[in-house]
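Once you've looked at the hints, dock chain B against the given chain A.
Residue numbers (this note's numbering), protein chains in the order written: chain A, 1 to 430; chain B, 1001 to 1578.
Honestly, the hints are just simulated from the structure, not real lab data.
No experiment lies behind these values; they were computed from the predicted model shown.
Where hints are given, some of them may not hold.
Said to hold, decoys possible - Straight-line C-alpha distance at most 27 Å; calculated DSS-like pairs for lysine-lysine: (1) B:K1293 x B:K1253; (2) B:K1381 x B:K1437; (3) A:K414 x B:K1025; (4) A:K414 x B:K1035; (5) B:K1437 x B:K1328; (6) B:K1328 x B:K1470.
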Amino acid sequence: MVSGLSEILDYVRRLKGRDIVSPRPEEESEDIEIAGEETRDVDEERICARKVSRSSIKLEDQRTFRYFIDGSVSSLPIKAVSVGNVEVPIHLICIAAGAFERGVFGGPLRPTEHIVSRCLLALPYAAIKDGLGQFERPPGRELTSGSGVYEDLKGYRGPLWIDTSRRLNGSRALNYEDLQMVGRVRSRAANLAKVLMRVAELGVLYSLKEALGMRDDNLILMDGPVAPILIYANLVSDRFGGVREISDPHLAYFYLRNVISAVKRVLKIPRGGFQEVFMSREDELVYVIYRMRSFIRRGWGEEDEEASDKHTSIMISAFTWLRPSLLTTAGDIWSYSSGVARFDIPIPSLANEDEDWYMPDYKVDVNRRDVDEKLDEILKAIYRERYPIPSAPRGSIRRYTELYAIYEAELRLKALIARARSSIGAGIHV
Amino acid sequence: MVSISEMLNSGGCSSEHIGFVAVTKETPARFATIKAFVRVNDLRPGEPVAIIDPGSGAVKAFGIVEDMQGYTMVGRLSDLALSEATGSDSSTEPTVIREASIRILQYLDERPVLLDRAYRVRRLCPQDSEMLWGSISERRRILAGFIVSGNDIVPAYYHADYIMGPEAAHFNIGGKTGLATKTSYLKFLVFSVIKWSKEVGEAVNVILFNVKRLDFIDMVRVPESLEDLKQCMENWGRGLPQRELELYVRMYKESGIHEVAADLARRGMIRIYHYEGDPYAERIDKRISNKYKYGLSDLTEEALIASLFEEEDEASGLQINLLHSLYKHGYFKRSFKELSNILDLIRLCSIKSRDQNQKGCDEVRYIIDQRPDIRTVEALKRRLEGFMDKASRVIDRNNPSSHPITYDAIRSNPINVIQLYGLNDSEKRLVVISVLKEVIRGLEEEQRSGKSRRVVVVIDELNKYAPRTKSPIKDPIVEISARGRDLGLSIFSAEQFPSEVDSQVIGNTSTIAIGRTDYAELDEKLYRSFGTLKTLGAELGKGEIMVSHPVYGSPLVLRFPPPLDDIMRSCGGDDLIW
Chain A
1 MVSGLSEILD YVRRLKGRDI VSPRPEEESE DIEIAGEETR DVDEERICAR KVSRSSIKLE
61 DQRTFRYFID GSVSSLPIKA VSVGNVEVPI HLICIAAGAF ERGVFGGPLR PTEHIVSRCL
121 LALPYAAIKD GLGQFERPPG RELTSGSGVY EDLKGYRGPL WIDTSRRLNG SRALNYEDLQ
181 MVGRVRSRAA NLAKVLMRVA ELGVLYSLKE ALGMRDDNLI LMDGPVAPIL IYANLVSDRF
241 GGVREISDPH LAYFYLRNVI SAVKRVLKIP RGGFQEVFMS REDELVYVIY RMRSFIRRGW
301 GEEDEEASDK HTSIMISAFT WLRPSLLTTA GDIWSYSSGV ARFDIPIPSL ANEDEDWYMP
361 DYKVDVNRRD VDEKLDEILK AIYRERYPIP SAPRGSIRRY TELYAIYEAE LRLKALIARA
421 RSSIGAGIHV
Chain B
1001 MVSISEMLNS GGCSSEHIGF VAVTKETPAR FATIKAFVRV NDLRPGEPVA IIDPGSGAVK
1061 AFGIVEDMQG YTMVGRLSDL ALSEATGSDS STEPTVIREA SIRILQYLDE RPVLLDRAYR
1121 VRRLCPQDSE MLWGSISERR RILAGFIVSG NDIVPAYYHA DYIMGPEAAH FNIGGKTGLA
1181 TKTSYLKFLV FSVIKWSKEV GEAVNVILFN VKRLDFIDMV RVPESLEDLK QCMENWGRGL
1241 PQRELELYVR MYKESGIHEV AADLARRGMI RIYHYEGDPY AERIDKRISN KYKYGLSDLT
1301 EEALIASLFE EEDEASGLQI NLLHSLYKHG YFKRSFKELS NILDLIRLCS IKSRDQNQKG
1361 CDEVRYIIDQ RPDIRTVEAL KRRLEGFMDK ASRVIDRNNP SSHPITYDAI RSNPINVIQL
1421 YGLNDSEKRL VVISVLKEVI RGLEEEQRSG KSRRVVVVID ELNKYAPRTK SPIKDPIVEI
1481 SARGRDLGLS IFSAEQFPSE VDSQVIGNTS TIAIGRTDYA ELDEKLYRSF GTLKTLGAEL
1541 GKGEIMVSHP VYGSPLVLRF PPPLDDIMRS CGGDDLIW
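Excised from the complex, chain A in its bound form (with noise of 0.2 Å):
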């Protein structure tokens, strides 16, 4: 059984309502995606354009992505609790994270120590204490921003609860008339769960670069944007804390350093264009690369509005097809441009560490050699990983910008939450 859960349905049992039998998740996990229809100018400077081709590739020495970081959510109503008139859903959230990693020269994907799977009650606790006077609260901790919330999701053995009634600094979101719109209920737990994944993500993250060490060279791969996350950094330790801020670049470039994220669902394509990426062959993609200085907010919910450009201009993105050949013979997608795949790296990957990388203003020169080299390696790990082709339906955008080794990660943290899940249910009906 699930750590805690037993109290946490035995407390669900008691509360007056209606039991939702067969529950069926609302949300899992979604892909973060970046912005489309942007209203403010959006700051980029288009750095370089490059190819990687396969002759170029030495397979005996060349680096391939180590480690594979992403994270699955499923929000689960479980029952409805009468307040005044109004149903209002209680949610179990479950969440699962993990690092995974393969042989220095590839191989198949095998489970780290780093692996987060845990589920939690959802309800808006305070918004239904303020209409009903008195309430019976949750069993066990509340999560709340002052809590070391990844260190709860992680090492806490009793039952966690969060409030969806209030944001994680503490302010109210839902009060007590805002309960008879369910919609918002719902979507306060579902948004809840989100950012609770993206801590837990970046929570891993955390745990496997000091596992590693400093010096570790191995580059990560992570799934989504990592910049805009990088808000939730004080949520999974003070010490991590420090690069929502880059308080201290020394240790910010630490755990920035190789991590490069993978973002499947590119909806805003840079003013200056990509049009050599469509010159990309089955043997030779093209890169085209941008550094984005501004955070574009679509897609991103009101938990996230402190993300801010800050930790997007730490960035360079490099835009790609990952499969040409299987792009322009498919005649299934709606253009060429939605075929195409963003590739986060953080600066820290190819600056040194004495340089003031951190500065909005520090220019990234791909002329420089040390530079060139290294951004180099990752374009050709990156080229390394397009194939097999994920399992998606004709159609679906995985199969033309997903890495398979991210979409095996994701499988296998699913699967943890549908074991969860399973003895969710299993303890629901009894």
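Same frame as chain A, now just chain B:
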């Protein structure tokens, strides 16, 4: 939540966990079958596994792997093909998920429960043996072979009552010649039976009909010591993995079979019966060999009929009647030559008028009175003369009695090998039927006097003796397979295609084993008891058999070591045996 690695590594028997039962909507747990995820890729169909309660560590059940499949999460072949088409530059290797279909062999709980939790799966280890064979009492266990599980060998047993009577008494093994190693298994089983008989103190004698060169004759060649066995095994198995050779030595050592075989050979208790002119007779030490030959009075009526007539036809019916009359009136107490003369006399006396009271006709008066057809008498005479010429190596024409193989001789040696190789079909039939009739007679006599003894008859190429078509030799074998279990007479048989054996004979087979067998043969309904595992019959290697035995919940794949005489031969010397 219990992690997968935690599940796979928790304690138990020395054999570590290799997977866990997977209960999903797609793969529900059933009482007869379950699915399991396993992390190894060398778990072969036919291999037994133990299902363990993760809480208590107790074995809940034993199962047998029916099928293994490995797959990745790549959805389409084309999705993988593109990867290959672009060269081997990909660093991604999809994780392979391995799924084992397991048929439950035996539940250990008094009241079995559905195995619908993440029970762990591990290979068998020697400590499981007692639980696995708990349904067979120790005194009834006859070593059938071994289950090789990782580095462990676990003995597998037959229930004595189901291969030696009284429950059932016919073991048959089929399979492709040269690949199925049927004869090798029969030799192993024979030594195993003798070992069992010594241990439990139940008298057993084995008769092996040797139909191929030195197949069974060479059973007397046994490495003297385990050291010799090891050394010879090295020679025998050149090119084979060392681990395999070590396994074979352990099979002989741990089972004690080598010890028993060496003791029998040393004490000259493997007796060879050969005929005059046997090309291999010179190679056999006289101290362990007996020459056999049959005079007419040594034969039963059935034996002579079976030897004389290959197929029934119109004419043979009358001839058989005439033979029957001759037997009834005591003419079989004479020699073959005299019987031939008697037939001449009958012909002559039948031609002459009875009124003339021909001299000597009195001797055949009883036959003449029946007015035999002259052509029948002549035909029988020709047939008898022909047979006497053809069967000269096994019959004594001039003396009524010669050196038949007697029940007393057989019962004084645990193993009796009767050389048939080199004989023609008529001769073989005469010897086989005579021996079987003699053994039945002897056992019946013992039974009447309240004594208990078992005889095992080993017949290679059973389809030649008991084919689906008509055959004069078939009757005694049909009789043994139907009634032998009450007498203590068992058949261990082998042939390439069991489907070609008479349905009554094969239908009475309680324990069916197959070595490597063709798919076409496996389609026969005879193999129904192997269920979905039967296709495995086409993939078995040398030294592997699949067995369906009444006390097993499912067929089992067993391993057995190469024959001792094969191993011994590799140590050189085609010298005198024994």
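Hint check:
no., hint, verdict
1, B:K1293 x B:K1253, "violated, 40 Å"
2, B:K1381 x B:K1437, "holds, 25 Å"
3, A:K414 x B:K1025, "holds, 16 Å"
4, A:K414 x B:K1035, "holds, 20 Å"
5, B:K1437 x B:K1328, "holds, 18 Å"
6, B:K1328 x B:K1470, "holds, 25 Å"
In this structure, the one hint that does not hold is number 1.
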